[in-house]
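2 protein chains.
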Amino acid sequence: MSALIEPRTLKGFRDYPPSLMIPRERLLETARRVYRSFGFAPIDTPALEYAEILLGKGGDESDRLIYRFKDHGDRDVALRFDLTVPFARFAAQNIGKLGTPFKRYAMGPVWRGENAARGRFREFWQCDFDTIGTTSNASDAETAVVICELMRALGFERFEVRVNNRLLLNGLLEQLGVADKAVPVLRALDKLLKVGRDKVAAEMVEAGGIAPAQAESVLDLAALTGSSDEMIDRLRRDFSANARAADGVARLAQLLEVAKAAGVPEANLRLDLSIARGLDYYTGTIYETFLLDKPDIGSVCSGGRYDNLAGLYTKQALPGVGASLGVDRLLAAMEEMGLIEGVSTPAPVLLVQFAEEHLPGYARVAQLLRRAGINTEVYPEAKKMGAQLKYAESRGVKVALIAGPDEFAQGVWKVKDLAQRQETTVAEAAVVEAVRAVLR
Amino acid sequence: MSALIEPRTLKGFRDYPPSLMIPRERLLETARRVYRSFGFAPIDTPALEYAEILLGKGGDESDRLIYRFKDHGDRDVALRFDLTVPFARFAAQNIGKLGTPFKRYAMGPVWRGENAARGRFREFWQCDFDTIGTTSNASDAETAVVICELMRALGFERFEVRVNNRLLLNGLLEQLGVADKAVPVLRALDKLLKVGRDKVAAEMVEAGGIAPAQAESVLDLAALTGSSDEMIDRLRRDFSANARAADGVARLAQLLEVAKAAGVPEANLRLDLSIARGLDYYTGTIYETFLLDKPDIGSVCSGGRYDNLAGLYTKQALPGVGASLGVDRLLAAMEEMGLIEGVSTPAPVLLVQFAEEHLPGYARVAQLLRRAGINTEVYPEAKKMGAQLKYAESRGVKVALIAGPDEFAQGVWKVKDLAQRQETTVAEAAVVEAVRAVLR
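Residue numbers (the numbering used here), protein chains in the order written: chain A, 13 to 452; chain B, 13 to 452.
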């Protein structure tokens, strides 16, 4: 026999055992359900693309991280590093057939050869939704509503979706006569939470090349607080003479109004003129989402409006708006917050196997439960009862069903509540109801 | 502006637009639901593995097809070509913590640099389930039940799961004194459907090195027909003196008995002693699944029992049994059979936008429908009604909801059945019920 090969995963990669995978599936299913409820349709694109499609889209840093190689046909290929660039390629290629507006979601793994620092994986999941082919603010408002619905559907109540609109800041910079400095100024502003006002002001002056007083104006705008109504009133007054910024204010005001009509609680959506997002890409509304009990993990769902998705591949302008759910970041937060049950089986019921001869009886009763929507596992071997119950408990099973020769003779089952360590005996016809009672 | 990059996918790869992706998601969700109902738990492994983990597992042919390259750290890495080899590596690495029996399912893309012949893609999905760490026939029986439940849940009634057990054939070969010829004889037998009895007999003699009369004995066994009960009776008699084959017969008899108790219709599960599966890997029960209306596409769900999953990575013997759903093959069949609706949106309802000022009203009513479980899209622009209805119809939307100033003044909505081209007007409070009536 040849020597064993050491079973191991690559550095920066990991397996998902059931205890991690069950929450991930639940999260993705919830996202799928919410996205669909708004009419977003699923698409998928290949993991591998021509390298030229992917390169140069996220800057030099991204290019360095791309998994790139020659395939069997000596093609220069690469693994996708996000879902946005493949979507842009997809849109350029297919939008003629699909028509606009086009609303899609996509979820899947992406690959980046990151330094495997704490929590950074080289394979991780993204989960995006976008509306393209329209500049309508209805889609910006809907994006905010989708994020709020998604967070609530995931079980969060204490969260804040923070919105801003780059038109405001761009309008202000225009007013100040430094519209051409928008990129470095926004990049500096994006660091506000991390490094504080003084350092951001300094960077705006040094890297951005604007005057200290101009930097203060920008930072004053970013620091504006109050209720949404107060802030909108104030912004309307301040920017009445600036068409660009006034448009931004009007769009934010309408977004808030539509979200309110859709039932979004005020506490879950607020204006925050300090959020900028690092990406140059965004041109209008900006979204970030914070868990109030875990602000340190950063935004768990971010996005914004952009002018043109696929300009590198097509002359057709495809404006759009969308956001991306940080799947792994959110799972890590949910785990830390105790929102993830320590369960490694999807079946809350285990049917204990007493003797092989009863397998047909076990199969019959297990199907009764499954048809009633209760996932049920039959233990495959007639091991000692203690071993079977230990197996059940270690996996997070809630109910054990037990029947040996006596029970089969009488047509009854023992229903054992594993948490309460209580046992009742019921007729076969009453098993489903008895199990339901324990699970409730 | 620089030249455009041509938007294209790699040869052998494809995008999934919504019309393909909606059925794929439905299929995978159904599989997930059925697998879970039996207590199979999800796992996931990385797309990339150390090349040494993947190489040499599927023979030279597989190795040639593997996408293999050097990563950033100059590691020899490769993309998985199936879900079984990574599962074997996962099991060897984690089974100590997870314990046995271990029931898992996994679904995801795999990559093979195939010649892109008709219908062969270089990226395709697999969807497997396995029970490892037990030799119990309860798991073999359950595997058959799972396949039947899965096929029914997918909407099929006219299908046949065909089961066999290699112990029978191995027992027969033992009886004939040519047990050492099992591998080439099985390989020849696997071609029976494709090339016919004569050519298989010839191959058994030439490549297998057995006598013509011995080949006839094997082919007589494979040709056995009759009801399951008749066949089992006959096999019990024929193999009473052969311990190995008798064990195979007993396991098949018990499998059929358990499946019957689980409610599997006789028409959906039958003995077929001619199925062999090409893989040397299998040692016991064998499963193949045929659509009676599409026999030509081959088996859509196949699997079997094996003695040792992870012998290359660990000394711990991990016997198991499982099967794999042919996702893309089944989708292609469903498409040809007209089982896939021509729908490219998950929302059966479109709210037509009459004027932007009503966006809050649209948002409110759309949420009413969503909370009632009805996926609803709001058209993002106040385009002409005809354009919006055309958009809806081209995507397969069933109901349009329309309200302009008059309707808002009266608090009513027009509910338009797009298939019947009928329209009713109802109060806002009655919209959900009216939509439900059309969708029923």
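One or more hints might be untrue.
Identical chains blur together in the list; that is why a pair holds if it fits in one copy or across any two.
Listed next, the in silico SDA-like pairs over lysine to any residue satisfying Cα-Cα at most 25 Å (straight line) [unchecked claim]: (1) 69 / 81; (2) 23 / 94; (3) 109 / 192; (4) 327 / 223.
Since the hints were derived computationally from the structure, they do not count as laboratory data.
How would you label the pair residue 109, residue 192 (within, between, both, or neither) given a Cα cut-off of 25 Å?
-> Neither. Shortest intra-copy (38 Å) and inter-copy (58 Å) distances fail the 25 Å Cα cut-off.
Give the relationship of residue 23 and residue 94 under a CA distance limit of 25 Å: within one copy only, between copies only, both, or neither.
-> both (20 Å within a copy, 21 Å between copies)
25 Å Cα cut-off: does residue 327 pair with residue 223 within a copy, between copies, both or neither?
-> neither (38 Å within a copy, 70 Å between copies)
Same-copy or cross-copy closeness of residue 69 to residue 81 [CA-CA at most 25 Å] | Both. Shortest intra-copy (18 Å) and inter-copy (23 Å) distances satisfy the 25 Å Cα cut-off.
Hints 3, 4 from the list above are not met by this structure, while the remaining hints are.
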